[in-house]
Amino acid sequence: MTAVLETRGLSRKFGGVAAVSDVSLSVAAGEVLGVIGPNGAGKSTLINLITGHLKPSTGRVVIDGQDVTGRKPWVIAKTRVARTFQIVKPFRNLTVRENVAIGSMYGPERAGSAPEAIGQADEALDRVGLSEKADLTPGDLSVADARRLELAKALAMKPRLLLLDEVMAGLRPSEIEPALDLIRSLRDQGVTVLVVEHVMKAIMAVSDEVLVMHEGSELTRGEPDEVVKDERVVEAYLGKRYAERHA
Amino acid sequence: MAEVQRHWWRWVLGFAILLVVATAPAWLLLESEQRTLASVFMFVVLAQGWNLIGGFAGYPSFGNVVFFGLGGYTTAVLMVKAGAGFWITLPAAAVVGVGFAALMGIPILRLRGHYFAVATLGVAEGMREVVINTGGLTGGNRGLTIPAVGADATTSYPGNTGFYYLFLVLALGAMVLVWGVARSRFGYALRAISQDEDAAAAAGINTTRAKIAAFALAGLLTSLAGAIYAFQQVSIYPDRLFSVDITVLMVVMAVFGGAGTVIGPMVGAVILQYLSEWLRDNLTDYHTFVFGGIIVLAVLVMPMGLVNFTRDAWKQRRISLLAATRKYRL
Amino acid sequence: MTEFLQATVYGLLDGGLLALFAIGFSLVWGVMNIVNLAHGALVVTGAYVAWKLNTAMGLDPYLGMFVAAAALFAGGYLVQRLLINQVVNAPIWMTLLLTFGLDLLIVNGLILLFSADFRSIRSGIGSNSLALGDVRVPYERLAGFGIAVAVTLLLVWFMNHTRTGLAIRTTGMDRAAARLMGVSVRHVYALTFGIAAALAGMAGAVLGTINTFSPASAPQFTLQSFVIAVLGGLGNMWGALAGGIMLGLVQAWGGQYLSGTLINAIAFGVLVLVLIVKPSGLVGRPFYEARAEA
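Residue numbers (my numbering), protein chains in the order written: chain A, 1 to 247; chain B, 1 to 330; chain C, 1 to 294.
In case anyone wonders, no lab produced these hints; they're calculated from the structure.
Predicted model only: the values in this text are computed from it and were never measured.
There could be a bad hint or two in this list.
[To be verified] Pairwise CB distance ranges (calculated): (1) Arg35(B) with Glu3(C): 49 to 57 Å; (2) Leu180(C) with Lys327(B): 16 to 24 Å; (3) Tyr286(B) with Arg92(A): 34 to 42 Å; (4) Glu175(A) with Met181(C): 31 to 39 Å; (5) Ser26(A) with Met173(C): 39 to 47 Å.
[Stated by the list, open to error] No more than 27 Å apart at the CA atoms, straight line, and that leaves these computed lysine-lysine pairs for DSSO-like: (6) Lys78(A) with Lys55(A); (7) Lys315(B) with Lys327(B); (8) Lys72(A) with Lys55(A); (9) Lys315(B) with Lys133(A); (10) Lys72(A) with Lys13(A); (11) Lys133(A) with Lys327(B).
Note that beta-carbon positions come from the ideal geometry of N, C-alpha and C, so glycine has one too.
Could you put together the complete structure from these sequences and hints?
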């Protein structure tokens, strides 16, 4: 079976500094890949390189066997790739429902018209639990709800590959479990998910495989249980305290 | 689906009624009143043109007058130098306006915010200088005079009533166009772009194409208005047709009424054009001074524009003069 | 050859004055992200203050310029604090509109007060020139250039070595961070606008000794400031000086060798080209927000 997402030697330099260097990964259909690493490890840059928001300095991005390196974001979106942004980017001049509808207006399965797309938005809103706030504007949402909206916008595109950039940051512990359930149910539907997350417990619970990044490159990769035990990971990212607690 | 269609017919009916109501006065009005209304309609068109690129897409063009000037000069040059009839020059002006917007848009729509504003201003000012310095074609600073009467006239001069209708039809067209855009996927794409281009692109919107399309539509409306204006004025000069004041007026009107709304720019154009005429007649020496004061006051009291201001006041059942300002103050 | 040298000297000297017009404009843009369409009106106001002091009291414009600077600083501070601060966070066309309204108020207010006639100010130096071979260097222009360079140096020192200057620069870089550090952003914004207005006023007074002016000159000064700020890079004071001299030279040479106003067309062409190719300005640092990534 071919990988839904594959990168080969992906690198990006900003003025001589390598934000991402030589990252090769491969995620099969219906798998969840967790990406962790300290701040500045290049996690968000990795997502930006995959979705075309940044152009790679070197390396390739292959989605479903098709080389999409250097394509524009909207072209990549049409190959059923959806994403969220670490810093939420709502369309503040539209209602929550209209925000979500944009995804089905221009996503891979275009709705026939704007009113039709707005009618379809409730499905995605339901899944993230925002139905009751559909008629508010994003400015009236709490931090957690703004993250949910970000997720709903991506879901409305009916993606095959979903890239989540810290969708759980700022959520209370009680709010994390529903989010994890949602990721699991997406995976069960055959959606491939790449999760960048700071919330350690969350990523371990949901990932089939974990990629640990450090200073732009891959530190190690493996099943969540193995990765947590890896000493380099413990030192680079988790800190000694975590290792001791979980020894 | 049937419901949607019924909705659509209601709007068509509404516009038909509007058309009748708007045309009926033509027989009742004095010629001078027709002239005033014609200029009101012209500014409705210009403000709506700016609204598409500035209000919806969020790209604050300060050079839209370039389309106005190019449209006007296309008509004038073709009528004077090629002996073309006015009706043939209209589509030509539209082609020039749309074509120039698309060509200029490709490099310039990559700039954001003030940089875009300055670049568009530079293009408009530069184009005026080009027109001044290509005297063989454009008559340079001395301008061009379109033969409007006698044997040389290629199209008989429509007179005040004629131009009243021309601008009326164009203004209605502009309203319908913006109304359609506001409800379409394209309109949503523009509003998304005005907030966040990265997020819009991630949602599958071809941001480059949408921005150029919005700019081209602005070019279309504005160049047509310029073409009709040139014929109406008969004699045209670069300083008049490329005047930065015209750009400023369209921005002021669109923003005063409510940028990014359908009726805001129309409301702004009607109120401000009448106000400006009234001030000119009644406060001859002070009119620009007072006009400046009104702009300052309008910005401070209702930075979201009159339409949004009224809507909020209606929703909350109270008029709160500084509510919107509180949102934007430091 | 003499013609070329003469044009070069004039361009260089006028460029210094142009820089003094633009430096405040660039500062306001760079720190507050406000394009002040009333900037040219502030320059003209400065010129009228110096002119009035000169004609009514016989005050030399080189002293009058300090009065003009002080008056415009106070006025500028109040305008920012009371008016512009109210809509700083609104979409940018609102601040454009507000400053345009202010421009109309000031320009037409000046016309009502002083009429639309062209004026000039006589300085104590008089209209003598220094002769360098065949090339003439008028003392007034030389003085204007000297003042422009001195003020630029002073401003650079102020911005880099005083607490207030540091507060202004910090606020320009990151408003939220500045606030956390205890900077009163409202006050700093008002100060910045006040300084810009003071420099504009001073420039106006100096301009009056070299050229004629009228309220109608305002838009031209705003436009020139625009061009220079873009050429030099936003908020970059050395950039403004370099940009001003560049524009001065281009205008002087163009006036010498090109017919009519073709030089303006070229200037605007260059402006747009610079924006597209290198929006950070010719000598400026990169300004990332200027351009979309995709």
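These are the hints, each one checked on the structure:
1. For Arg35(B) and Glu3(C), the Cβ-Cβ distance of about 51 Å falls inside the hinted range of 49 to 57 Å, so the restraint holds.
2. Checked against the hint of 16 to 24 Å, the C-beta distance between Leu180(C) and Lys327(B) comes to roughly 22 Å, which is consistent with it.
3. Hint check: Tyr286(B) to Arg92(A), Cβ distance near 40 Å, so the stated range 34 to 42 Å holds.
4. Taking 31 to 39 Å as the suggested C-beta distance range, the pair Glu175(A) and Met181(C) conforms, at roughly 33 Å.
5. A beta carbon spacing of about 41 Å between Ser26(A) and Met173(C) agrees with the range 39 to 47 Å that was offered as a hint.
6. The hinted pair formed by Lys78(A) and Lys55(A) meets the criterion: a straight-line CA distance of about 18 Å does not exceed 27 Å.
7. Restraint check: the Cα-Cα separation between Lys315(B) and Lys327(B) comes to about 18 Å, which is no more than 27 Å; the hinted pair holds.
8. At roughly 9 Å between alpha-carbon atoms, Lys72(A) and Lys55(A) fall within 27 Å of each other, so this suggested pair holds.
9. For the hint linking Lys315(B) to Lys133(A), the alpha-carbon distance of about 18 Å falls within 27 Å, and the restraint holds.
10. This hinted pair checks out: Lys72(A) and Lys13(A) have alpha carbons roughly 19 Å apart, not beyond 27 Å.
11. Between Lys133(A) and Lys327(B) the alpha-carbon distance is near 22 Å, which keeps this suggested pair within the 27 Å criterion.
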